[in-house]
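Trainee: Now for the letters of each chain:
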Amino acid sequence: MSIPTTNHTEKIGNANKRKYLLEKVSSKVFLICALLSVFTLLLIIGFVFYKGAHPFVAGGYSFVDFLLGTDWVPSEDKFGILPMIIASIYATIGALIIGVPIGLFTAIFLAEIASKRAAKIISPAIQLLAGIPSVLYGVFGLAIIVPFLQNTLGLVKGQSLIAVILVLAIMMLPTIVTVAETAIRAVPKTYREGSLALGVSQIGTIFRVVVPAAKSGILTAIVLGLGRAIGETMAVILVAGNSLIVPTSLTDSIRPLTTNIALEMGYAAGTHQEMLFATGIVLFSFILILNFVLARISAKGGN
Amino acid sequence: MTTSVMEHTNTTTKQNETGKGISEMEQRKDGASKINVKDLNLFYGEKQALYGVSLDIHEKQVTALIGPSGCGKSTFLRSLNRMNDLIDGVKITGDILIDQENIYNSNDVIKLRTKVGMVFQKPNLFPMSIYDNVAYGPRGQGIKNKKELDKIVEESLRGAAIWDEVKDRLKTSALGLSGGQQQRVCIARAIAMKPDVILMDEPTSALDPISTLKVEELITNMKKDYTIVIVTHNMQQAARISDKTAFFLNGEIVEYDNTDEIFSTPQDQRTEDYVTGRFG
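Those protein sequences? They're chains B and Z, same order as listed. All letters in the first sequence, in the order written, are residues 877 to 1179 by the numbering used here. All letters in the second sequence, in the order written, are residues 1124 to 1403 by the numbering used here.
Simulated from the structure, these hints should not be mistaken for lab results. Be aware that a few hints might be false.
[Claimed, not checked] Derived DEER-like restraints, expressed as beta-carbon distance ranges:
| id | chain 1 | residue 1 | chain 2 | residue 2 | range |
| --- | --- | --- | --- | --- | --- |
| 1 | Z | D1211 | B | G1142 | 53 to 61 Å |
| 2 | Z | D1162 | B | A1001 | 42 to 50 Å |
| 3 | Z | G1302 | B | L898 | 43 to 51 Å |
| 4 | Z | D1291 | B | L917 | 34 to 42 Å |
Just so you know, even glycine gets a beta-carbon here, dropped at the ideal spot from N, CA and C.
Model the full assembly from the supplied sequences, consistent with the hints where possible.
Mentor: In structure tokens form, the structure reads like this:
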């Protein structure tokens, strides 16, 4: 009786050994995959900073002049990116002013008001909007928005700050809607019931209880949308006009940070190329600040 | 099925007669009837949850609804302030009269819910300060005057016997209170609307025994001002605090009578089995 039992346990022992080995190996595989993205991130940061910092460390250029200079004339060794910083900031803020209310109201509509059938049609449509390649947004902007602005505002050139704002506002919608909708849906049903049971209307309940309770998620949605707007390049190139001026009106042609890099990197060399990397550092800093803000918001929301 | 329906009809008829007799003679000090439910049927889609429920609820009394889980008592309670309207596919037939007005005739649920307050199973204070929670309803009514709001908040919190515990921390988050305190603030929030009727859906099921005791004391004190309908799983609680008890089973009212009678001399075998703990 005892012999077969031993054999049996030995068999299990062997089988388990294999399992444990497989367990160890696969956990390593997962770890390597996870580290790959961190490694790539560090590589990109390192490379951009190494190339971008070079003219200021070794070339004797002033970083302050780079940030605050208003002239960008690489052939005359002038590298000032203030017009681009301002263009990026204006375009992003403008897109937020238009995109956030529309996105937020859409999210509220989908999560709180729409019938299941309506939501089933609208939700996938918005998600599809996120999947459209950005160059197509640019083409759409160039074919529809730019001529429209040209005709209605009587502009010489329809490529302008306002065109960029409109395209970016549309582009940030899917991000804002999806993230905000999730946040609103996550608000406990008991809050809604509590408010409705106090004789408060549905709209009153949404704005006085549901939206405040989803505040951190909604802020996250806005920051993510903002990140999308500030980093967008392809669509912006097509509708921005790319003039190197500090924009003073909505109809001015602009050149944001991203398009400056994309437009000139192809032929730039030497210091010029390094200055484009430095532009990348500035852009990267914006994104970094946004991520920092995002982390703070989520931490607050966690409490 | 047929027998149970017949039994049910008999019981309600009998109760209705008794109820009438009592209110005419005023021997048992029943107030005027506040809520009259007549032949209420409720369906969730195809599934019927309430079968011909008829019930008269008297003014300034505590009426307890007892019965096993899924028997329809919460569904019934939520019909009284039309919270069932929030669920898709709910269909209702029959009449619910509050102060002789059919609440399903008008679509003014805001007015109805102002008059009929509700306290839920789990404390559901909003993530804002204690003060803002209590002032939430009145503000929705358009009351903006700070002094007036202060007065309402204090009165409501006193009415819910929690003023002394929270008066120094009105501006702090309501979610920092203990569960029992939160539930009493929920009651204060309901009182702030100056309702006539307060519905309570197992208000102590999430509370510890001491908090439960406090809430029960509070309910007993509140009935001089409000008509209270309470759903409870706890039969001792129903016996302790209620004047009338309705026993629900499978979406019907099996028996409805003075609480003493229900617990001492139930007329229906099923009621007896339930209150003596033989099932449920």
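Trainee: Hints first: check each against the structure and report whether it holds.
Mentor: Taking the hints in turn, this is what the structure says about them:
| no. | hint | verdict |
| --- | --- | --- |
| 1 | Z/D1211 x B/G1142: 53 to 61 Å | holds (57 Å) |
| 2 | Z/D1162 x B/A1001: 42 to 50 Å | holds (46 Å) |
| 3 | Z/G1302 x B/L898: 43 to 51 Å | holds (47 Å) |
| 4 | Z/D1291 x B/L917: 34 to 42 Å | violated (50 Å) |
Of the numbered hints stated above, the single one contradicted by the structure is hint 4.
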